[in-house]
Structure formats: structure tokens, C-alpha cells
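S.K.: Residues per chain are reported as follows:
Number of protein chains: 2
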Amino acid sequence: MRIAIDAMGGDFAPKEIVLGCLHAAKDYQDTHFMLYGHEDEIRQFFQDQDLDNIEIIHTTAKVESNDDPVRAVRRKKDASMVMAAQAVKDGQADALFSCGNTGALVASGLLVIGRINQIDRPALMTTLPSFSGQAQASDILDLGANADAKPINVLQHALMASIYAEDIRGIEKPTVGLLNIGTEENKGNDLMKKSYDLLAKDPNLNFYGNIEARDLLNGVVDIIVADGFTGNAVLKTMEGTALTLVSAIKDTILQGNLKTKVGGWMIKDALKTMAKQVDYNQVGGALLIGVQAPVMKSHGSSKAEVVHYCLTNCRNILKANMVSHLIERFSDDINPI
Amino acid sequence: MRIAIDAMGGDFAPKEIVLGCLHAAKDYQDTHFMLYGHEDEIRQFFQDQDLDNIEIIHTTAKVESNDDPVRAVRRKKDASMVMAAQAVKDGQADALFSCGNTGALVASGLLVIGRINQIDRPALMTTLPSFSGQAQASDILDLGANADAKPINVLQHALMASIYAEDIRGIEKPTVGLLNIGTEENKGNDLMKKSYDLLAKDPNLNFYGNIEARDLLNGVVDIIVADGFTGNAVLKTMEGTALTLVSAIKDTILQGNLKTKVGGWMIKDALKTMAKQVDYNQVGGALLIGVQAPVMKSHGSSKAEVVHYCLTNCRNILKANMVSHLIERFSDDINPI
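So the protein sequences, as listed, match chains A and B.
Residue 1 is where the first sequence starts when you use the numbering used here, and the numbers rise one by one after that.
Residue 1001 is where the second sequence starts when you use the numbering used here, and the numbers rise one by one after that.
No wet-lab data here; the hints were simulated from the structure.
Nothing here was measured: the structure is a model prediction, and the numbers come from that model.
All C-beta atoms in this analysis are idealised placements derived from N, C-alpha and C, irrespective of residue type, glycine included.
Honestly, I wouldn't trust all of these hints.
Computed cross-link-like contacts, PhoX-like style, restricted to lysine-lysine with a CA-CA straight-line distance of at most 20 Å [unchecked claim]:
| id | chain 1 | residue 1 | chain 2 | residue 2 |
| --- | --- | --- | --- | --- |
| 1 | B | Lys1259 | A | Lys187 |
| 2 | B | Lys1259 | A | Lys272 |
| 3 | B | Lys1250 | A | Lys250 |
| 4 | A | Lys150 | B | Lys1150 |
| 5 | A | Lys150 | B | Lys1259 |
| 6 | A | Lys250 | A | Lys272 |
| 7 | A | Lys268 | B | Lys1150 |
| 8 | B | Lys1268 | A | Lys250 |
| 9 | A | Lys259 | B | Lys1015 |
A few chain B residues that don't get close to chain A, going by computed Cβ distances all over 12 Å [said to hold, decoys possible]:
| id | residue |
| --- | --- |
| 10 | Phe1131 |
| 11 | Gln1136 |
| 12 | Glu1184 |
| 13 | Lys1193 |
| 14 | Ile1267 |
| 15 | Ala1304 |
Can you make the complete structure from the sequences, with help from the hints?
M.R.: Below, the structure is given as C-alpha cells:
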């Protein structure tokens, strides 16, 4: 198994990418890690370590966070991200990982690596933690790979996520909920009503019905499927609300009386642990599902620990042959399912 | 000024509705409060109070929370909500307030009270608190009165909210942001791209551009305009995330060591104050804007304090003649703006 890594993407690149990768290379001797980026900048973080299963492919350009995604992928052929994607396309690597420009990574997946036959639109998927007792976490997709979804896209996303949940999370017949603005069958906009009908009649899905956004963190279903616009909006709302609340708690404590201040100091560690659990950036990575190889994205602010976590995920997906299963399931021209 | 109140709608009706109304009646001698509901059930909360500006209109039926909205409004002519709406239509009252079935209240506004000429779709609007220093709160609409929006609806909502912000909040040239999944001009789905173009070229709007959902609570703009599906989804996400976090903090403290437990007890009051500020249900009320009279909705779980707050809001809207201003601005057949 060979993972191509864009060492230059992200706010703390290449340092945190390289450190996370070194850690993963030590843990996983069966996996080959290919770091695409500036050799000198990368090598300085190696110190005296010399691992057989890590390789640097020197590149001189990079995709910037404000680059136009499609143009960057088409024109910056020598950028670390694009070269890493090309290595996957050419069969020199099996998976792609980057903390860089999300749009450009989606474009690299689509334009360089290529879609799976019969999948009209790949989707970005991540895992939400559950705070509701023993309930499992939920995978949620699409997070915005595709802003204008059609019902057939929503169905394909639900089917792909079901295969992922079976292969990677070991869940038999994972439940699928449709993110909607009401739980009743006839609720929502035209897209959601039509998507509901498609999901409900597909025998390959364990369809739960509609779920509302207030239940996103309650682990009601194994998979939450949303159109890319709404999925992106609710994820950012969650992020904003969590950050706002945590900073409001800090302010409340700082501006409080002595009792509040002392109390705040006493629960500081406990709050930190919780904040980490809530911050989905720490949970690690979004998968571009529907392309010919695993393409994993992590937040621009990712540190080494998250990089290590994402590389572990990539390796799990490769070990499970998840993408081959997707290709098989969608290979029949007449009945894609 | 006469406000028709559905005394039977909401989880704590009629008690909390009546108590909030009695409080408002004492505060606002210039306003007449008309309580629609079961007379005996209402009067028991009056005790020895006898106020000149409060009146009970006896009704025997009510709209249930699980009633189909349109059917309820069409068939339950003797329900407290529908009779209160009819009083507004007939000129016996000037505004409508309810904590009952949201869909039925929207339908009452549309089917009984009626749209403002040239407004294709009324919208539900509420105010989000801001936690970012000195920044003002933001009004947000549509929260789901209309699940399938067209660009013209988004524009009309932005124009109506601007008049509201001028009249009620005293903001000159309020800034309007479009809720989108990226800040750049060309971002989003087809609906948002077309809405952006309409908003950008309208000389009556102070258009800020796109804003992202992670900034909803930062008071970046005075008005946030969204399509009803997304607006509803992000509001419920905010609610769910806030509730989840608050309960996660509680669990963290309860399951913590002695230090954490003592600390938690010490900051309890401060956290309660904050939780109240965050909970948008407490902030009070959503306005159905675009119908011929102010129609105000509050959450089913509203207590007397929130009812009082909403009735104050209704009175402010009546005092400012806001609906007349909307009607004037949209009265010209040739150029509605």
C-alpha cells in the first residue's frame, strides 16, 4: 500500500505533515509513504530518522489556498498536490492525502484520478461524533463537493456511504437518514422529497427516513445524507456554534466573580478534553468518495496527530479494498446497484 | 393597537400565555390584548386582577401541534388560532401572536390574513444574538416558511428585512449578507448565484456579499438572508449543537474528579446565564413578514417572560407602522421597489 502525500498543503506544512507521516511510517511498516514537496524543507524534520518506507519526491510549486481549484489543477502540473494525484492516476500510489485547498483536492480527484464509472458526482464525507450515550458516530455526506445535487446523486451517495460503513466501520446494514427540515415523509424542498422517494424504494439501503439538523450529534443513524449545499452549511454552523460557545464560556468565567473564576480554573482540564472531542477538525479528515482511489482531506490547521489519524484511515480503506467494492457494486451498466 | 393572542397554542398554554399577557397588559395601557381560548381555563390565571385592556374571546377548539397546517386552517374555523387570525382579517385586531403549530400559523397568515401585494412568499424571521464584542445582533430569514425559494423571493426577503431593521431596530442602511457556502462572489448553488446577482444590483439594498454559516453568531451583518430550507437547517443545527454542548459540559463535570465537580458547582450560575443567552428560543419569537399584519410566532416551550417579550415586539412593530411601510414600498405595480 502506497499513500501519496501533499506535504506542502495546510497552514502548518510541511512540518506537521512530515511529523505525522514519520509517526505513521513507524507504526505501519507495511505501508509506503510518498511525500510530495520541497525536499530540503521536508528533510529538516527527519532529524536522524531514516525509514525505509518513506520517500520524498521533490516538487517546486504548490497549490495556494486562494487558487481557483480547477485552474490550479489544470495549470500547476508541477504542484505537490497535483503531482501526488498524478502518481495515483499513474498507478505509482494507491491513495492521496492533503491538508491543502479543498476545492483543488476535489478537482484533483475528479480531473486527475477520475470518477468511478456510474458515479455522477463524488461526495465529501466525514464522521460526526455522537454525544448521546452509547450511540455510534454518524458519517455525513455530501459536505460540498457538489453544490447543486440531484436526487440520483443523493441516492448514489447513500449507497456509497453504506458500503464504506460496512467495510470500514464493520456495521451490517447501516441505517441511512436524510437530512431534512421535518421528520415526516412529505417534508422538505423538492430535491429532498424526490430524494426521499428514491432512498425509500431502494432495496440495498437500510433507510431510516428524514432526520432533522438538531439531531446531527445524537447518533440517530449510521449515515446522514444531505445535498452538498446543506451539508456544508450545517457543518460550518456546528463549527461556528461550538467555537462561539467555548469562547462565551471563557468570557463568562473571566468576567465572573472570584467564585466563578476559581471554579473555571478547576474545570479547565475537563473542558479542554471536551472541546477537543467536539471539534470535528480533530476527529480527522473528510474522504472524497466516488473517485478511483481514496482521496483524504484534512483541515488546513491540522497538526501531526490529525495527519497520523488520517493516514491511518487511508490505510484502513486500502486494506479493506473499499474502492474496489464500490467499483464492483457500480459496475453493472444495466442495474448499477 | 389591538393584539389577537392564541391562548391555547404551546406546551404551557394557556397558563404561560395568559401570565405573559397579563404582564404586558399592565405595562402597555395603550394596547388592547384579546385572548382567544377557553374562557374558564384562561380566567383561572387572572386571580383578582381585572384589567381594562384585556379581553377573553371564548373558543372551544384548538389547532394541535401535529395537525396538517393547511387542513387545520381551512377546517377548524372555530380554533383559537384561526379565530384570532380571522379577527385580524376582519379589522377587529391589528396583530396576531401564537406559540402553537408553526405551519398552521404560517398558513393562517397566508390564507386568512393574506399576503402583501407583490410579495410572492412571506418569510419567517428571527434575531440571532451576537457574541462578538460590540457587534450587533443579526436578523435571519427565511427560516422555512418557504422550502423551495426562487431568487426573487430571496431578494424580496432582503428588502423586507431591511425595512424592518430601519423601522424597528433604527439601523440606517442595514447591511445584508447572503448565507452561502463560500464568501467569493461565484460560490454556491445555482439559487445562491442567481440571488447574489439580484441582491448585488439592487440600489435599495446595502449588500455585503456572501457570509458563511460559521459566522452566524458573529454579528457580521445586520441581516442574513437564506433560502427557507437552509435557514431552517442552520437554525436547528445551532440549537442542536448548543444543547449537545451544554449537556456534554454537564456530563464532563458529573463524571469528573472531585476538583472538577467542585469547580462545576462554582460556575453553575454563570453557565446558566450563558446558556440562556445562547438559547435562541429565549431570545423570543419569529416574525412572519410579508403578510398584511404582524404575525409573531414563539417556540412551543415559551414561558410567560418570552410571551411578554414577543408581545412587546408586536407592539413595537405596530407603533412603527412597519407593515404599512412594507405595503407602500411594494405598492407600485411597475417597479415594486
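S.K.: Flag every earlier hint the structure violates by its number, smallest first.
M.R.: Per hint list: 1, 5, 7, 9, 10, 12, 13 and 14 violated.
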